[in-house]
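2 protein chains.
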Amino acid sequence: MDKRPIGVFDSGVGGIAVFREIIKYNPNENIVYLGDTKSFPYGSKSKESIVELTKKGIEFLINKGVKQIVIACGTATSQALDEVKKLYNIPIIGIINSTVEYIEQKNMKNVGVMATAGTIRSNAWKNSILQKIPDANVINKACALLAPMAEEGWIDNEIAVLTIKEYLKDLKDKNLQALILGCTHYPLFKKIIKNELQENVDIIDTGEILSKALKKELIQNSMENNETEPKYEIYLTDTETNFKNVASKLLGNNMQEIKLAKE
Amino acid sequence: MDKRPIGVFDSGVGGIAVFREIIKYNPNENIVYLGDTKSFPYGSKSKESIVELTKKGIEFLINKGVKQIVIACGTATSQALDEVKKLYNIPIIGIINSTVEYIEQKNMKNVGVMATAGTIRSNAWKNSILQKIPDANVINKACALLAPMAEEGWIDNEIAVLTIKEYLKDLKDKNLQALILGCTHYPLFKKIIKNELQENVDIIDTGEILSKALKKELIQNSMENNETEPKYEIYLTDTETNFKNVASKLLGNNMQEIKLAKE
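Protein sequences appear in the order of chains G and Y. Quick note on numbering: the first sequence equals residues 1 to 263 in this note's numbering. Quick note on numbering: the second sequence equals residues 1001 to 1263 in this note's numbering.
Keep in mind that the hints were calculated from the coordinates and are not lab data. Watch out, some of these pointers could steer you wrong.
Keeping only pairs whose Cα atoms sit at most 25 angstroms apart, straight-line, the calculated DSS-like set for lysine-lysine is [stated by the list, open to error]:
| hint | chain 1 | residue 1 | chain 2 | residue 2 |
| --- | --- | --- | --- | --- |
| 1 | Y | LYS1064 | Y | LYS1086 |
| 2 | G | LYS259 | Y | LYS1086 |
| 3 | Y | LYS1141 | G | LYS126 |
| 4 | G | LYS259 | G | LYS132 |
| 5 | Y | LYS1086 | G | LYS244 |
Covered stretches of chain Y, as calculated for chain G (at least 3 residues, CB under 8 angstroms) [as the list claims (entries may be wrong)]:
| hint | stretch |
| --- | --- |
| 6 | 1021-1035 |
| 7 | 1143-1155 |
We put the beta carbon where it would ideally sit given N, CA and C, even for glycine.
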């Protein structure tokens, strides 16, 4: 048993959706969340900058005494996970890797990926999948409008349906076995997406997969906690007025006080 | 006559649309553009961070020997213009102020503003207008989806039309005299917006207004240039692969080599 918290690092507010999934599957864990809102978004930054920012974030969390780090940001995972794993003597899992392992276990070969333009441009998912499953056929689809549409609250109106239809045009009739929702906002559109695709496509919520993998890893390493009233701490690198809205919508009663992360 | 370049500062790629308008109305001027892509977007940052970043940008341009500075970013203008004007001994104009002066000259009182969520949340336009025209009636409308939609190239499809209809619901039948397109991407939707509003609403392209004001100011201060083959330099604070696409689309043959701005 290990009472130390889990550290969750994200480039901003998106990771709160992952935070929520972690709580759901690991309800007895204390959590410290760091959102690097000062540098959000990472998608348009160079690898060098992303590695530097991710290192800073992880060091902040290590100083908070965490036992395990989760990188909730897809871009940070793809650009910096390998590097930071070598640097720090603490278990680190990234949002991409746990989903790739899930696909490998299920022996899936035909995989679609919906993500933001930045994530798709970085080829993060495609490269990570091909590294583990060299004969996989990965179809990328950049969906620049879906994250802002989710933040606008347009998750079931006519515009959302038409937009998803438009984005899925390139993914239909491709015999997909899985469709990765490669952005933390996309599970909000799961129902519309399901309606547009064939029954048997496995629509993957990456936060859910990560949270289940995290639970398994904690148990394997005898690092799980049994807290009945776990503590959640949220730190941001810059005050961001919209964060509170999004966070309270996603976390509800679990919402905690937000503190400014001092460098 | 003054052969020194004009310095254009922006938080990223959006200012390229302003850059284009500046060239159109000031074809004989040399220009140095600095896009702070490393810190993009400013909308979600605190005033303190924005002032600090804007100061850094202006100092970079001053070191390039510019005669005049243009702040093309609405958020930087609203949060930092007053402060930097006091600090530096160089003329500085901001994207918001020239439009507010235009509205004042035309004696308009009923004004709508379409802008990004960050710009609307900052109340930048409303505050600037009320400072000059205290009895103005300003109706704000946050349009979070329009900028990403423009970058997606969806500027005349069914989804664009439905989205604009949805956003304009709150601005119709309000007896608007002017509608400010408070984001550099929005002029791409001018035709659809015009179709939705009454004939007599003045739809304001802020880049155009700023460029005309700049020309006038340069002439008044005897600072204009007569270059027949002006030079354009583009600097970014971080390499950003999408910048080149957007910039070349907007600038065409005027596209120049992009350099990394060293701190």
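Do the hints match the structure? See the list:
1. Y:LYS1064 to Y:LYS1086: The hint holds at about 20 angstroms.
2. G:LYS259 to Y:LYS1086: violated (32 angstroms)
3. Y:LYS1141 to G:LYS126: violated (38 angstroms)
4. G:LYS259 to G:LYS132: Roughly 39 angstroms separates the two Cα atoms, so the pair is violated.
5. Y:LYS1086 to G:LYS244: Judged against 25 angstroms, a Cα distance of about 34 angstroms means the pair is violated.
6. 1021-1035: violated (count 0)
7. 1143-1155: holds (count 7)
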